[in-house]
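**Student:** Input sequences plus hints: build the corresponding full structure.
In order, the protein sequences belong to chains A, B, C and D.
Heads up: the first sequence at position 516 corresponds to 516 in the numbering used here, and the numbers run straight through without jumps.
For the numbering used here, count along the second sequence from 1 and bump the result up by 582.
For the numbering used here, count along the third sequence from 1 and bump the result up by 814.
For the numbering used here, count along the fourth sequence from 1 and bump the result up by 943.
The set of hints was computed from the structure by calculation and includes no laboratory data.
Relax, there's no trap hidden among the hints.
Below, computed lysine-lysine pairings styled on BS3-like, alpha-carbon distance capped at 25 Å:
id: 1; chain 1: D; residue 1: K1036; chain 2: B; residue 2: K725
id: 2; chain 1: B; residue 1: K725; chain 2: A; residue 2: K110
id: 3; chain 1: A; residue 1: K281; chain 2: A; residue 2: K578
id: 4; chain 1: A; residue 1: K568; chain 2: A; residue 2: K578
id: 5; chain 1: B; residue 1: K725; chain 2: A; residue 2: K327
id: 6; chain 1: A; residue 1: K110; chain 2: A; residue 2: K327
Simulated coverage check for chain B against chain D, where a stretch passes if three residues somewhere in it have a Cβ under 8 Å from a Cβ of chain D:
id: 7; stretch: 637 to 650
id: 8; stretch: 733 to 741
id: 9; stretch: 803 to 814
Keep in mind it's a predicted model, so treat the numbers as computed, not measured.
Glycine included, C-beta positions come from ideal geometry on N, C-alpha and C.
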Amino acid sequence: MRIDHDALVVGAGGAGLWAALELARAGISTGVLTKLYPTRSHTGAAQGGVCAALGNQEEDHWEWHMFDTVKGGDYLVDQDAAEVLAHEAIETVIELEHMGLPFNRTPDGKIDQRRFGGHTRNFGEAPVKRACFAADRTGHMILQTLYQNCIKAGVHFYDEYHVVDLLFEGGEGGDGGRAAGVVAYRIADGELHTFGAKAVLLATGGNGRMFSITSNAHSLTGDGMALAYRHGIPLEDMEFYQFHPTGIYGIGILLSEAARGEGGTLLNSEGERFMARYAPKAMELAPRDMVSRAIYLEIRDGRGIGPKKDYVYLDVRHLGRAVIEEKLPDITEFARVYLGVEPLTEPVPIQPTAHYAMGGIPTDLRTRVVRDEMNTPVEGLFAAGEAACVSVHGANRLGTNSLVDLLVFGRRAGREMTAYCRAATLPAIAPAVEEPVRAELEALRTRPDGESPSALKDDLATLMMDNVGVFRTAPMMAAAVAGVAQIKERYTRVRVRDTGRVFNTDLLEARELGYLIDCAEAMATSAISRTESRGAHSRDDFPERDDVNFLAHTLAYRGEAGPSLRYKPVTITRFEPKPRVY
Amino acid sequence: MQVDLRILRFDPERDAAPHWESYRVDAEPMDRVLNLLISVKADQDGTLTFRRSCAHGICGSDAMLINGRNRLACKIRVDQLGRKITVAPLTGLPVMKDLVVDMDGFLAKYRSVMPFLIADTPPPERERRQSPADRARYDDTTKCILCAACTTACPSFWAQPSYVGPAAIVNAHRFIFDTRDDAGDERLEILADKDGVWRCRTIFNCVDACPRGINITRAILEVSRAVVERTV
Amino acid sequence: MALYTRAGRARPQRSGFELGVWYLMRLSGLALFVLALGHFSITHFIFDPATQTAQWIVDDRWGSVLWRTVDWLMLTMVVLHSFMGVRTVVQDYTAGGARTALTMLLYVTGIALFLMGTIAVMTLPFPVK
Amino acid sequence: MRYLQYRGGEGMLAWAFHRISGVAIWAFVLLHVLDIWLVGANRGLYDDVLKLYASPVGRVGETLLGAALLYHALNGLRIIVMDFWPATTVFHKQLWYASWVVFVVVGLPGAYIILRPIWAGVS
Ligand SMILES: Cc1cc2nc3c(=O)[nH]c(=O)nc-3n(C[C@H](O)[C@H](O)[C@H](O)COP(=O)(O)OP(=O)(O)OC[C@H]3O[C@@H](n4cnc5c(N)ncnc54)[C@H](O)[C@@H]3O)c2cc1C
Ligand code: HEM
Ligand code: SF4
Ligand code: F3S
Ligand code: FES
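**Tutor:** Right under this line is the structure:
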């Protein structure tokens, strides 16, 4: 079936929903395609908060927020983007409040704020209360509030439509073609639909499922990134992947940084607050890459806890019942349900967990997808949210800044697309453009014999976790590059066991595995080529940051013989790179 | 340990009617039913179909009938259920395949209560003020993840699927008692309809089923009381 | 009143009937708590069923205006409450034409029963002492 | 019926009993108005019916009726309390147990009084 809109939004997380809202309010005919019901998007899992220098609790300025973002990202952040982020955070948070988001309140009725890792006053002096929050379900409330407002604005949703390809007019996206629409697979009955549009937004979220221990949802398989990559668009800074320090031991479910923001501490087997050794000033509220590394070092030095000495404790007991139950109810429940641990009386076993892709589809400040180091835009194609890389997170994202990113750049995407749609004409889509993907899907669905995709996926996740994790060395990453290439080859022979058309999740999971492999390939190759340590990319063999050679963004292009890399300069406006100490 | 897992299967392309299938699965006591389903799908029968995403009780994808009660598969542990576990799709919504039900009707009811803030006054420069106490008034009902466990556990809904259902009322409550909202009256009117709050018979299955621990019945009764108060 | 809400949704026709029934069930329930339980206690604990012949009812119980009033009130409440209660049950488990038919039948029976009861309680002449 | 697979808790039992008892009492009320009608219409027939009520079987029936009425009344009160003070829903199970305590405390002596004539041979 063929359906036309002026604008298409792929993904209904925070970024996609806000973009859709702007478009619908401007009267642009918009379709939102999402493989999950919108409220199932992973934005709903975000707990801790969303930072904006409101100054409701103590003095704060967006310049401070900008500085923290740049420094937190180990100076790989594009500073013009960080400025937009920190500045517009304020109005977007206020606008969210106007849309109905139930923020926690200060006694005088303003939005309450709390501390979060890496957010400081006066350019690094001391922690500042900047994170606006709704208990520890901030992301849930953002997702619900945006969805509610989309309903109010009459946004047209295509729920459970899995986008399987992007369409371009006049050449591939990477060679000057213009976005023309998408092909989507309706999960309910396996029908392929071709959607035409002037503007397409990719807001498909992250790709954390390429790791075995992750806080990410099963659905986070890097679809948007991989699809862009397949059409000649590079992926930027893929080597920078954040491991969050406090995942539930063995499972990876996240215990929000809010626990530390409220005063929770980290303890090793000797009961010592080991962060004193690594970040004497910021302690537990140092940026995530540092805390994750500190945990790994403690474990490596034999101060881990448990039979395998491979975890440490997060301790919130001293915060008291009131704080724990009022401000951290969800994460308290996670510990109870998933570990059988009572945080009121026991410390909680934690380990770092794969959490967030700093890299992604490169865009400019106007959320337009760009395809080279000169920032040449791909006409009609936009990206926002975790799938995109503007780059506001650089080498390491600060807590809460992802939600800010979704809001600020989701909103920008909506406005930008509105303007674009008003000026542009509907591109032509040739008949039967969906035939190639139809053939791919049919081949996958009907292949009579081959390997199981679930086993292959486990292999990929273990490979990446072991070799492209918190600590990296050249041999490890070489093993990853080779391993991914092998898995990619095996993937051509996977066999789906469900051959039906109705709700065939087996088929879609196999398809998603293909996306993960693409992302893993870009990640491993980008990582091995960056011979320095910066932010989340931490190498034993190159422990120092190298601003001479690597103050640059990686762009990974897909190629038959593996990805090829190019580099793009970092935009520096206000803050010259300095050593990063906390 | 080994678990006997019985699943009510239905493939519309093959089966005339749903039927039970049994599987033996290795499990740890701390495993959740979702782990078992994933392991069956990976190792025994790739056609087993269910929704899942977050795997930690926050997205609302995998509500299903587990050992006779509506639970999120990713939130109920094997040690809470024992060695015999039966899993069936939610009751009262059309089954699309295996454990997947059609949520459209459910969401249409959610939309019918105008689940969004309607404020008549133009927004101020900064945030609208709200005291912590006013904020607390509707805190409980902001937790809903639209998993449908409550509505499909409600005998009143089974009897009359036209009942707007606990989930929709919960979401109306969240706005009716929000001091920033001005359309409470209109929502109360909608819920004063014959398929509105009156269909609740205080059965509490919804409360037991709610994975977010929302006191749904309380919310419903608060709405009923508000309807009564504005009329009587 | 506006026909549409601010969100553009058609406003339901406000009849208030279900609200009325809901309230009535609660109020009559409270009344019955005293009346029905009282009645049952008197007829079973204070007196024994065996002794409450027609003669006794006419001479003693309905010899007093007060008791006739109490009994009639109870009749009113019980008919209202129980028929509206059964209506709820009927409306839960039936649909369409069957529902309308059964509900109508219920109303007719209810009214008939109420009239019969009223005649029984109110029209017997007082005994001549 | 798939609905019977649902393992409801106290609240569902409370409701099921309430509904069953309500309908049962309603059925009896139909009968009872008819028999009272006989007081005016046909006294002889009324007294015959009365003998049925006072017979051992009748007494057991009346006890059951009383139980239904008592349960329904107590649970009805529980519902009304929750309706008007929604905060009490937190204790809905406790309220239900409490109503059973009252049910037993009041019901057992009551049943004894009604049933005693069967073995005491009074009637
Ligand atoms: C546990 C957890 C806690 C977090 N806490 C915080 C926090 O406190 N603060 C903070 O700032 N950040 C936090 N983050 C990070 C942040 O939540 C995410 O980065 C962010 O929500 C991503 O939003 P998004 O809109 O880009 O995508 P998502 O919300 O992930 O949405 C992706 C959307 O894309 C759709 N989609 C994907 N693929 C396809 C396809 N092929 N076809 C159609 N649709 C598709 C999905 O259906 C979904 O609607 C947290 C993340 C996790 C995992
Ligand atoms: C003695 C005191 C009584 C009290 C306090 C009481 C209370 C109630 C209440 C509150 C309800 C509404 C339940 C709901 O909407 O969920 C109800 C329902 C009902 N009552 Fe009563 N009642 C009493 C006596 C009676 C009597 C004497 C009868 C029958 C003659 C009766 C028959 C019914 C019926 C049939 C229902 C409907 C049941 C249902 O909807 O599930 N009640 N009662
Ligand atoms: S109220 Fe609870 S059970 Fe019902 S839909 Fe919301 S979260 Fe699910
Ligand atoms: S189960 Fe149903 S009847 Fe009411 S209390 Fe819950 S909605
Ligand atoms: S998978 Fe998200 S709630 Fe269970």
